[in-house]
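Engineer: Given next are the chains, with one letter for each unit.
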Amino acid sequence: MRYLPHTDLEIGAMLDVVGRKSLDELFCSVPEGCRCEGPMDLPEPLNEWSLTDHVAQLAEKMTVNHHDKVLIGAGSYHHNIPVTIASLMGRSEFLTAYTPYQPEIAQGTLQGIYEYQTLTARLLGMDVANASIYDGASALAEALLMGLRIGKKKPKVAISRAIHPHYRAVVKTYLDPSQYELVELPVDEDGRTDLSGLGDIDGLAAVAIQSPNFFGVIEDLSALGQTIHGHGALFISCFTEPLAYGLVKNPGECGADIVCGEGQSFGLPRSFGGPGLGMFACRDQFVRNMPGRLVGETVDLDGKRGFVLTLSTREQHIRREKATSNICSNQGICTLTAAMYMSSLGGSGLRQLARLNYDKSEYFKAQLIKNGAKVVFDSPTFNEFVVEFKADFRPIYTRLLEKRIVAGLELGRYYPELAGKYLFCVTETVARDVIDAVAGEVSTPPS
Amino acid sequence: MKKTPGRSGLIFDEPLLWEKGKKGRHGMSIPASDVPAAALPEALQGAGPDFPDLSEIDVVRHYTRLSQWNYGVDSGMYPLGSCTMKYNPKINEKVAATPELAAAHPMLGDEYVQGNLQIMFELQEYLAAITGLPGVSLQPAAGAHGELTGMLVFAACHRARHSKRTKILIPDTAHGTNPASAALCGYKPVPIKSGANGILRVESVAEVMDEETAGIMITNPNTLGLFETNIRQIAEIVHAKGGLVYGDGANMNAVMGVISAARCGVDVMHLNLHKTFSTPHGGGGPGAGPLCVTGELEKYLPIPRAVKDGDTYRLDFDCPDSVGRVHAFHGNFGVLLRAYSYIRTMGAENLKKASQLAVLNAAYIKEKLKGTLQLAYNRPCMHECVFSDGLQQEDKITTLDMAKRLIDHGYHPPTIYFPLVVHGAIMIEPTETECKEDIDQFIETVKLVVQEAKDNPELLRQAPVMAKMRRLDETRAARNPCLCG
Chain A
26 MRYLPHTDLE IGAMLDVVGR KSLDELFCSV PEGCRCEGPM DLPEPLNEWS
76 LTDHVAQLAE KMTVNHHDKV LIGAGSYHHN IPVTIASLMG RSEFLTAYTP
126 YQPEIAQGTL QGIYEYQTLT ARLLGMDVAN ASIYDGASAL AEALLMGLRI
176 GKKKPKVAIS RAIHPHYRAV VKTYLDPSQY ELVELPVDED GRTDLSGLGD
226 IDGLAAVAIQ SPNFFGVIED LSALGQTIHG HGALFISCFT EPLAYGLVKN
276 PGECGADIVC GEGQSFGLPR SFGGPGLGMF ACRDQFVRNM PGRLVGETVD
326 LDGKRGFVLT LSTREQHIRR EKATSNICSN QGICTLTAAM YMSSLGGSGL
376 RQLARLNYDK SEYFKAQLIK NGAKVVFDSP TFNEFVVEFK ADFRPIYTRL
426 LEKRIVAGLE LGRYYPELAG KYLFCVTETV ARDVIDAVAG EVSTPPS
Chain B
12 MKKTPGRSGL IFDEPLLWEK GKKGRHGMSI PASDVPAAAL PEALQGAGPD
62 FPDLSEIDVV RHYTRLSQWN YGVDSGMYPL GSCTMKYNPK INEKVAATPE
112 LAAAHPMLGD EYVQGNLQIM FELQEYLAAI TGLPGVSLQP AAGAHGELTG
162 MLVFAACHRA RHSKRTKILI PDTAHGTNPA SAALCGYKPV PIKSGANGIL
212 RVESVAEVMD EETAGIMITN PNTLGLFETN IRQIAEIVHA KGGLVYGDGA
262 NMNAVMGVIS AARCGVDVMH LNLHKTFSTP HGGGGPGAGP LCVTGELEKY
312 LPIPRAVKDG DTYRLDFDCP DSVGRVHAFH GNFGVLLRAY SYIRTMGAEN
362 LKKASQLAVL NAAYIKEKLK GTLQLAYNRP CMHECVFSDG LQQEDKITTL
412 DMAKRLIDHG YHPPTIYFPL VVHGAIMIEP TETECKEDID QFIETVKLVV
462 QEAKDNPELL RQAPVMAKMR RLDETRAARN PCLCG
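Chains A and B are the protein sequences, given in the same order.
When the letters of the first sequence are read in order and numbered with my numbering, they come out as residues 26 to 472.
When the letters of the second sequence are read in order and numbered with my numbering, they come out as residues 12 to 496.
The set of hints was computed from the structure by calculation and includes no laboratory data.
Glycine included, C-beta positions come from ideal geometry on N, C-alpha and C.
Treat each hint with caution, since some may be false.
[Stated by the list, open to error] Quick list of simulated restraints, FRET-style, between CB atoms:
id	chain 1	residue 1	chain 2	residue 2	range
1	B	SER44	A	GLN310	52 to 58 Å
2	B	ASP449	A	GLU57	31 to 37 Å
3	A	ASP49	B	ASP449	32 to 38 Å
4	A	SER203	B	ASP449	44 to 50 Å
5	B	PHE328	A	SER203	20 to 26 Å
6	B	LEU459	A	ASP327	22 to 28 Å
7	A	LYS415	B	PRO52	41 to 47 Å
8	B	ILE41	A	ASP327	41 to 47 Å
9	B	ILE22	A	ALA111	23 to 29 Å
10	B	LYS175	A	THR77	52 to 58 Å
11	A	ASP327	B	PRO202	39 to 45 Å
[Said to hold, decoys possible] DSSO-like mimics (lysine-lysine), calculated; alpha carbons at most 27 Å apart, straight line:
id	chain 1	residue 1	chain 2	residue 2
12	B	LYS379	B	LYS465
13	B	LYS379	A	LYS86
14	A	LYS347	B	LYS105
15	B	LYS175	A	LYS179
Modelling step: build the complete structure from the supplied sequences, incorporating the hints.
Structural biologist: Laid out in structure tokens, this is it:
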């Protein structure tokens with residue numbers, strides 16, 4: 026076995042040193058009753074070439090794959106990833122290191138995360154970003170828990186129904202065993218969150234809004250923020266598509282206290298939903314209540330600038346059960362990847378790319394409307410939008426699938442009131458002829 | 012005079028990203044627009060972030076230089092206790108990058124993603140076979156996330172039994188994240204002291220276990236690298252009072268194919284795929300912390316899970332007792348792929364051999380260094396051994412000094428000052444992928460450092476001097492936090 030370097034002779038010599046006769050005898054402290062009753066039931070080992078063949082067979086079973094145009098976003102987006110990123114993030118000095126506990130030999134990771142924190146804070150318009158959380162959903166759950174900590178005795182949090190349904194599910198899971206109460210806020214006919222009921226909720230610690238929301242709708246964050254603050258609650262702004270902030274106002278500018286969301290769009294493949302990274306940022310005054318790792322600037326003995334993990338007194342290994350969270354890792358290499366992507370795009374590139382995504386989806390909307398479909402929500406959207414068709418869309422969906430186009434996500438499973446309506450997404454990866462093909466099918470009567 | 016980029020040898024200096032670049036440079040290509048420009052209401056528009064504009068080679072050089080300041084497993088031995096820094100096979104990276112698998116959108120219909128669902132289903136089966144616990148959820152994104160999910164399962168089970176429980180037992184030799192994970196589920200941690208030999212005593216558990224206690228969280232082998240030999244009796248006591256047993260499987264690399272968690276009396280256990288199953292640690296993540304449970308508790312696991320119907324696979328959402336979702340989608344699938352690749356490469360026999368050799372390497376180091384460093388507990392160790400700086404006190408040299416000097420000699424230091432039960436702890440976990448001559452060289456180097464502590468202690472106090480940076484001022488970083496440039 027190529028990963029196990031010991032020869033039999035070496036094993037013998039080492040056993041002699043430790044005074045054991047066999048490898049089994051190394052486990053003499055394990056009581057008989059704890060032991061396996063037989064070998065583990067696993068398939069026979071595969072060599073590199075057989076494994077490659079086996080994986081190729083599994084790949085063939087993916088009938089929708091990278092050759093298809095998948096017009097679904099909903100929290101997982103297809104963007105072009107420059108080849109430089111695979112090359113740089115694959116460098117084993119980054120990939121095979123661990124948490125930078127020894128900063129003198131981990132400055133690559135540390136400076137990389139510090140840069141990530143800075144770019145993220147600038148993107149979101151916030152003072153401080155952490156080194157990332159698992160994903161967008163757990164980031165939102167952590168943000169709400171943070172809101173409850175800051176709100177002290179206030180026992181309730183409210184979240185918009187236009188937040189990604191899976192994120193809401195994760196929040197519910199996190200809050201379920203606690204005594205805190207979770208309130209869901211309705212969506213109005215424009216696809217925006219309706220805060221008119223906020224005054225009826227006592228003891229509200231925080232309110233979470235997603236923008237662009239699950240329907241792609243850009244919320245009027247400034248107005249929502251004022252209302253939320255008017256009710257004495259913290260304003261949490263969440264996102265699944267950070268690219269939007271290249272074009273639309275960032276949440277910090279709109280008054281958000283905590284901003285969190287998914288960063289997969291920034292240089293990471295969809296990878297069946299993970300790994301991505303939970304981006305997480307807040308205002309300066311809340312830093313000590315923030316979960317997750319932080320990298321800070323300092324100097325070494327010679328006075329040279331360097332970076333270390335810092336403010337760890339918030340964290341579980343020191344504060345134990347009183348910690349701000351149980352999280353003790355971050356998304357590591359995904360964080361660096363996001364920074365590589367942001368720096369490859371630059372400010373100018375991010376603006377241009379966001380603009381392109383916006384223009385494509387507006388064009389798509391216009392073509393669908395021209396062919397008789399209706400866009401369900403009137404508000405401005407970024408990247409994705411909800412469509413209603415005159416007739417049953419399923420036969421058209423099937424025809425498009427034959428042309429290797431996955432035409433959107435049917436919403437009935439997530440919002441029963443939107444059954445039969447579809448959420449579409451287009452990014453820079455979708456050419457005009459694909460959009461035209463979809464629009465063309467919509468106008469063609471079913472055969 | 013302006014500083015040149017060169018330093019000693021080929022360690023380059025490199026500024027921060029925003030200290031480089033010129034407005035208008037591009038680091039990646041953006042397709043030209045093939046649609047008309049559309050208007051967006053002014054009120055919603057922002058200025059876009061203040062990012063530096065860099066060219067492609069600016070970015071490539073920047074990250075290449077940064078990477079050269081890092082120490083990874085591919086650079087050398089990384090005996091960081093409790094972290095299982097074993098070799099991360101290259102083929103796993105290739106498997107994870109398979110375009111058909113990696114490009115998959117997580118909300119496609121089951122019929123279009125049979126390959127990925129088969130991998131998830133089979134990995135669930137393999138982890139069940141390895142632990143002896145039949146119910147597996149792949150959703151938790153890290154070890155601590157698995158712990159939290161496990162505690163959610165505890166809470167759901169007790170709620171279903173109409174049994175109100177407020178406390179949880181946590182020995183002082185358990186992993187550091189355990190108390191915070193339990194606290195998130197409303198459980199108050201009750202610490203238990205381990206016995207004089209580093210092993211949890213049955214009586215200590217019996218004294219505190221009651222019907223208001225949800226159960227116990229045991230790390231086995233524990234953070235001293237010792238097998239909790241009383242685990243079965245402890246499990247019986249906990250079960251007799253209606254409690255559940257959580258086994259923190261972070262140290263599974265010591266016991267694959269040797270122990271059965273189920274036979275130990277463990278009800279719930281997470282595994283760290285980034286430790287035991289060779290997926291890279293990535294400078295702190297992403298990991299994966301799947302949760303394995305008994306048949307009785309399976310119904311509480313997060314949804315969805317992959318199931319097999321005849322020859323096809325599907326995601327099963329129909330679990331009314333489930334704790335719900337803990338991840339937006341299916342967990343860190345890219346990490347799961349790497350672990351799948353590792354298990355298929357190894358098979359049962361080699362996994363067991365890996366554990367045996369991990370224990371052999373640790374036992375060998377323990378034996379060879381026990382006069383040089385003070386051994387914390389003289390008992391058979393599993394995959395790691397714990398020493399302290401007790402013998403260096405007369406030289407006024409600390410664990411930290413020795414760790415930093417090891418850097419000058421080309422090693423990543425062991426874990427230091429953990430576990431907390433050992434004052435000045437030095438926790439060494441060599442893993443099975445280090446060969447005998449590398450282990451011997453490490454042992455000789457530790458001996459050399461200890462000799463230097465006697466002959467020239469200032470060398471240690473000033474160390475490291477050969478790394479990119481000298482010791483960094485962590486107090487200053489915490490007192491005046493500068494977290495954003």
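Engineer: Now, for every hint given, state plainly whether the structure supports it.
Structural biologist: Here's how the hints hold up against the structure:
Against the hinted window of 52 to 58 Å, the Cβ-Cβ separation of SER44/B and GLN310/A comes to about 42 Å, which falls outside the hint. Between ASP449/B and GLU57/A the CB atoms are about 34 Å apart, so this pair conforms to the stated range of 31 to 37 Å. Evaluation of the 32 to 38 Å hint for ASP49/A and ASP449/B yields a failure: the beta carbon distance comes to about 24 Å. Remark: the range hint 44 to 50 Å for SER203/A to ASP449/B is upheld by a beta-carbon distance near 48 Å.
In this structure, PHE328/B and SER203/A meet the distance hint of 20 to 26 Å, their C-beta atoms being roughly 24 Å apart. Between LEU459/B and ASP327/A the beta carbon distance is about 25 Å. The supplied range of 22 to 28 Å therefore holds. Under the hint 41 to 47 Å, the C-beta atoms of LYS415/A and PRO52/B, about 29 Å apart, miss the expected range. Take ILE41/B and ASP327/A: their Cβ atoms lie about 42 Å apart, and the range 41 to 47 Å holds.
Between ILE22/B and ALA111/A the CB atoms are about 25 Å apart, so this pair conforms to the stated range of 23 to 29 Å. Between LYS175/B and THR77/A the beta carbon distance is about 54 Å. The supplied range of 52 to 58 Å therefore holds. Against the hinted window of 39 to 45 Å, the Cβ-Cβ separation of ASP327/A and PRO202/B comes to about 42 Å, which satisfies the hint. A C-alpha spacing of about 19 Å is found between LYS379/B and LYS465/B, which places the hinted pair at or below 27 Å, so the restraint holds.
Distance check on the hinted pair: LYS379/B and LYS86/A sit about 52 Å apart at the alpha-carbon level, beyond 27 Å; violated. With a C-alpha separation of about 41 Å, the suggested pairing of LYS347/A with LYS105/B is violated against the 27 Å cut-off. Distance check on the hinted pair: LYS175/B and LYS179/A sit about 24 Å apart at the alpha-carbon level, within 27 Å; holds.
Of the numbered hints given earlier, the model fails hints 1, 3, 7, 13 and 14; all others are met.
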